[in-house]
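Peer 1: Put together the whole structure using the sequences plus the hints.
Protein chains: 2
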Amino acid sequence: MRLKPTIEDVARVAGVSRATASRVINNAPGASEPLRARVHAAVAELGYQPNETARALVSGRQRAVDVIAVTYGSGIGWLGTHPYFSRALAGMMPVLEGVNAQLRLHAVAQETAAEAIDEIAANATLGAVLADITPVLAARFYRRCRRTVSMVPTASSVPRMEADNIGGAYTAVKQLHERGRRRIAAIHGPALNPCAIDRRTGYRRAVRSLGLTDVSADGDFHRDGGYRAARQLLEQHPDIDAMFIACDLMAAGAVQAITAGGRRVPDDVSIIGFDDSIAAVCTNPPLTTMRLPVEEMAAAAARLLLEGDPEPGHRQRFPVDLVIRDSTRN
Amino acid sequence: MRLKPTIEDVARVAGVSRATASRVINNAPGASEPLRARVHAAVAELGYQPNETARALVSGRQRAVDVIAVTYGSGIGWLGTHPYFSRALAGMMPVLEGVNAQLRLHAVAQETAAEAIDEIAANATLGAVLADITPVLAARFYRRCRRTVSMVPTASSVPRMEADNIGGAYTAVKQLHERGRRRIAAIHGPALNPCAIDRRTGYRRAVRSLGLTDVSADGDFHRDGGYRAARQLLEQHPDIDAMFIACDLMAAGAVQAITAGGRRVPDDVSIIGFDDSIAAVCTNPPLTTMRLPVEEMAAAAARLLLEGDPEPGHRQRFPVDLVIRDSTRN
DNA sequence: ATGAAAGCGCTAACAG
DNA sequence: CTGTTAGCGCTTTCAT
Chain A
1 MRLKPTIEDV
11 ARVAGVSRAT
21 ASRVINNAPG
31 ASEPLRARVH
41 AAVAELGYQP
51 NETARALVSG
61 RQRAVDVIAV
71 TYGSGIGWLG
81 THPYFSRALA
91 GMMPVLEGVN
101 AQLRLHAVAQ
111 ETAAEAIDEI
121 AANATLGAVL
131 ADITPVLAAR
141 FYRRCRRTVS
151 MVPTASSVPR
161 MEADNIGGAY
171 TAVKQLHERG
181 RRRIAAIHGP
191 ALNPCAIDRR
201 TGYRRAVRSL
211 GLTDVSADGD
221 FHRDGGYRAA
231 RQLLEQHPDI
241 DAMFIACDLM
251 AAGAVQAITA
261 GGRRVPDDVS
271 IIGFDDSIAA
281 VCTNPPLTTM
291 RLPVEEMAAA
301 AARLLLEGDP
311 EPGHRQRFPV
321 DLVIRDSTRN
Chain B
1001 MRLKPTIEDV
1011 ARVAGVSRAT
1021 ASRVINNAPG
1031 ASEPLRARVH
1041 AAVAELGYQP
1051 NETARALVSG
1061 RQRAVDVIAV
1071 TYGSGIGWLG
1081 THPYFSRALA
1091 GMMPVLEGVN
1101 AQLRLHAVAQ
1111 ETAAEAIDEI
1121 AANATLGAVL
1131 ADITPVLAAR
1141 FYRRCRRTVS
1151 MVPTASSVPR
1161 MEADNIGGAY
1171 TAVKQLHERG
1181 RRRIAAIHGP
1191 ALNPCAIDRR
1201 TGYRRAVRSL
1211 GLTDVSADGD
1221 FHRDGGYRAA
1231 RQLLEQHPDI
1241 DAMFIACDLM
1251 AAGAVQAITA
1261 GGRRVPDDVS
1271 IIGFDDSIAA
1281 VCTNPPLTTM
1291 RLPVEEMAAA
1301 AARLLLEGDP
1311 EPGHRQRFPV
1321 DLVIRDSTRN
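Here the protein sequences come in this chain order: A and B.
According to our numbering, the residues represented by the first sequence are 1 to 330, in order.
According to our numbering, the residues represented by the second sequence are 1001 to 1330, in order.
Just so you know, these hints were derived from the structure itself, not from any lab.
Please note: incorrect hints may appear among the correct ones.
[Said to hold, decoys possible] Not close to chain B: a few residues of chain A, all C-beta gaps over 10 Å, as computed:
id, residue
1, Ala31
2, His40
3, Gln102
4, Ser157
5, Arg179
6, Arg204
7, Gln236
8, Asp268
[Unchecked claim] With a Cα cut of at most 25 Å, we get these calculated SDA-like pairs of lysine to any residue:
id, chain 1, residue 1, chain 2, residue 2
9, B, Lys1004, A, Glu311
10, B, Lys1004, A, Gln62
11, B, Lys1174, B, Arg1144
12, A, Lys4, B, Pro1238
13, B, Lys1004, A, His106
14, A, Lys4, B, Ser1216
15, B, Lys1004, A, Ser157
16, B, Lys1004, A, Cys145
17, A, Lys4, B, Ala1116
18, B, Lys1004, A, Arg140
19, B, Lys1174, A, Ala116
20, A, Lys4, B, Cys1145
21, B, Lys1174, A, Thr112
22, B, Lys1174, A, Lys4
23, A, Lys174, B, Lys1004
24, A, Lys4, B, Ser1157
25, A, Lys4, B, Lys1004
26, B, Lys1174, B, Pro1238
27, B, Lys1004, A, Pro312
28, A, Lys174, B, Glu1162
29, A, Lys4, B, Asp1164
30, A, Lys4, B, Leu1212
31, A, Lys4, B, Arg1055
32, B, Lys1004, A, Glu307
33, A, Lys4, B, Glu1052
34, A, Lys4, B, Pro1310
35, A, Lys4, B, Asn1051
36, B, Lys1174, B, Ser1216
37, A, Lys4, B, Arg1143
38, B, Lys1004, A, Pro310
39, A, Lys174, B, Gly1015
40, B, Lys1004, A, Ala116
For clarity, every value in this text was computed on a predicted model and none was experimentally measured.
Cβ atoms here follow ideal geometry from the backbone N, Cα and C, with glycine treated the same way.
Peer 2: Okay, here's the thing in structure tokens:
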């Protein structure tokens, strides 16, 4: 079988030099119309496709955005079951498409995260989007590669996309309160997750300023954890009439626990989730939720990287808006 | 700021030749212990990280698996809302991790798919996993790059991972029938989607062999389509007592439509979905469904690529198993 | 066991 | 406008 044609072959067939071939292929100026035509013909005849690796090496830029996800213990099952990550990818791909940039996906195990991160940083080109990296690791990465954007709250110098998690949580509780609920419990996310921390803060502030009681349980940002937390909450505080839940997946579990316990949503217990992920519309009833604009954030992150090195401390703020569905409608 | 150190720098600092440095870095034989130590020291001192691009160019192999997704019309919103794709990614990443292979993600617009596919094929290294490519496009890709694996039914010569969609659909209907249901409707997927076609076939065979009536509606593999199809089905055939739905996302919508119409799941209408995606456990009640082992299929596809060129027509079969949850429990 | 040298395929000065 | 010539950073013969 014939080897893949190189630009050398194209040049030979077209009867020009490699340089000329390169010029017309990259449609750079400095090539006459007749030669252009000959080169194009040769390209077509040979089915020539530039070798991106060689291009990248010589030009120093490979035009790839790296996306890093850290996997905790149990493997990366969460990538397949947690909508967050795929939303981020979905947001980035359209902006990368058409500008000849590719997306590289890295799953790094928490235990070896440090080394893995060093290697990724060393080979970064357009830069990296840190989807859920802890502040410490993010800072480490940033030290090795300035072209970095975090999508979660992180070390202060790292450029980031910032969603108003605190405000969102506050709004959620306030909304529940306005609808007349007074025993508003919360199911929070992992204690160390930066987003979860902010949402917890928002809940606490709202509870305090509205004169309510803090009734909290801890979840893990997964459905099962939401189910368990809700059941436990209901047992310990049977008078709960609303729940603010820090993630839709947990909210889906909570809805199941609540109805399994013989109560109705929203009549007995009103629910507001967080994220507005696919889970929010799959539950029954569909969830009122605080929309985290993941796609927009990811797209903006990609665009920022495309523009060049972001300023240290650069930040772009994103609103977290209330999306009303049936889990609060009654 | 200091430029990134090259192997040249390492060699100089260690006082050896580039060749020797290369040998120890790749821990190839042919370097004495004392020199190895000096090189390692130099690497550590400089924080040297090999440039993967240069490596790839010289060795001809970049160790990357390309994943291609075609986007239809409206953009790739579906990637963020449809669990299939992220499950495939989740399946591949663990097998790629640790073998120093990376994952490249490509979203190609349907209109320009042909050219895009040619370019990807030209730059493929370990090969490509075709997640949802039509047979025609898959064949085209395969013509340009033998290292290809499709995850959906496709042109006969293209190596593939084959799930028993027909058998799964058949099993689902049979299960409903065994539970005493007799008016078993179906909501199918897109007319041209190869998986949807097989599931439709399975439904038809079951209906015929069980002596039931074919009551079908068409969906789009999304929640909204499932909602609409279910509502329409219920209006036109109020005596329906069960539904086989070709995808969990549609099933989630159908559950909502059914309960919104005042009927209960599973008491009045029993439901079996397909996929066993995150949507199946977010609905209320959780869905009985036919499990498509997407993660396993994707992992096997990645492994196949890692092994070298798959045989033409290579196929690996995967079962589609019944997972019983509450939507059929009564 | 070690080093010198030849490229991988391409782009980008630099000459002509 | 066109061609010649250096490399990009690395691996890999091939001598030594």
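Peer 1: Does each hint hold? Answer for all of them.
Peer 2: Status of the hints after comparison with the structure:
1. Ala31: Fine: 22 Å to the nearest Cβ keeps Ala31 of chain A off the interface.
2. His40: Holds: least Cβ distance 14 Å, greater than 10 Å.
3. Gln102: violated (5 Å)
4. Ser157: Non-interface label stands for Ser157 of chain A: nearest chain B Cβ at 15 Å, farther than 10 Å.
5. Arg179: Label holds. Min Cβ-Cβ 21 Å, cutoff 10 Å.
6. Arg204: Arg204 of chain A is indeed farther than 10 Å from all Cβ atoms of chain B, at 27 Å.
7. Gln236: holds (23 Å)
8. Asp268: The claim holds: Asp268 of chain A sits with its nearest Cβ about 14 Å from chain B, beyond 10 Å.
9. B:Lys1004 to A:Glu311: holds (21 Å)
10. B:Lys1004 to A:Gln62: holds (16 Å)
11. B:Lys1174 to B:Arg1144: violated (42 Å)
12. A:Lys4 to B:Pro1238: violated (62 Å)
13. B:Lys1004 to A:His106: Within the cut-off at roughly 22 Å; holds.
14. A:Lys4 to B:Ser1216: Judged against 25 Å, a Cα distance of about 49 Å means the pair is violated.
15. B:Lys1004 to A:Ser157: holds (22 Å)
16. B:Lys1004 to A:Cys145: holds (11 Å)
17. A:Lys4 to B:Ala1116: Measuring from Cα to Cα gives roughly 17 Å; hence the hint holds.
18. B:Lys1004 to A:Arg140: holds (16 Å)
19. B:Lys1174 to A:Ala116: violated (49 Å)
20. A:Lys4 to B:Cys1145: Holds, at roughly 11 Å.
21. B:Lys1174 to A:Thr112: Violated: Lys1174 of chain B and Thr112 of chain A sit about 48 Å apart, past 25 Å.
22. B:Lys1174 to A:Lys4: violated (52 Å)
23. A:Lys174 to B:Lys1004: Given that 25 Å is the threshold and the Cα spacing comes to 52 Å, the pair is violated.
24. A:Lys4 to B:Ser1157: holds (22 Å)
25. A:Lys4 to B:Lys1004: Status violated; Cα separation ~32 Å.
26. B:Lys1174 to B:Pro1238: Judged against 25 Å, a Cα distance of about 21 Å means the pair holds.
27. B:Lys1004 to A:Pro312: holds (20 Å)
28. A:Lys174 to B:Glu1162: violated (51 Å)
29. A:Lys4 to B:Asp1164: This hinted pair is violated, its Cα atoms lying about 37 Å apart.
30. A:Lys4 to B:Leu1212: violated (56 Å)
31. A:Lys4 to B:Arg1055: holds (19 Å)
32. B:Lys1004 to A:Glu307: With Cα atoms ~22 Å apart, Lys1004 of chain B and Glu307 of chain A stay inside 25 Å; holds.
33. A:Lys4 to B:Glu1052: holds (21 Å)
34. A:Lys4 to B:Pro1310: holds (20 Å)
35. A:Lys4 to B:Asn1051: holds (24 Å)
36. B:Lys1174 to B:Ser1216: Distance of about 16 Å is within 25 Å: holds.
37. A:Lys4 to B:Arg1143: The given pair, whose Cα atoms are some 13 Å apart, holds under the 25 Å limit.
38. B:Lys1004 to A:Pro310: holds (19 Å)
39. A:Lys174 to B:Gly1015: Status violated; Cα separation ~68 Å.
40. B:Lys1004 to A:Ala116: holds (17 Å)
Checked against the numbered hints given earlier, this structure breaks hints 3, 11, 12, 14, 19, 21, 22, 23, 25, 28, 29, 30, 39; the rest are met.
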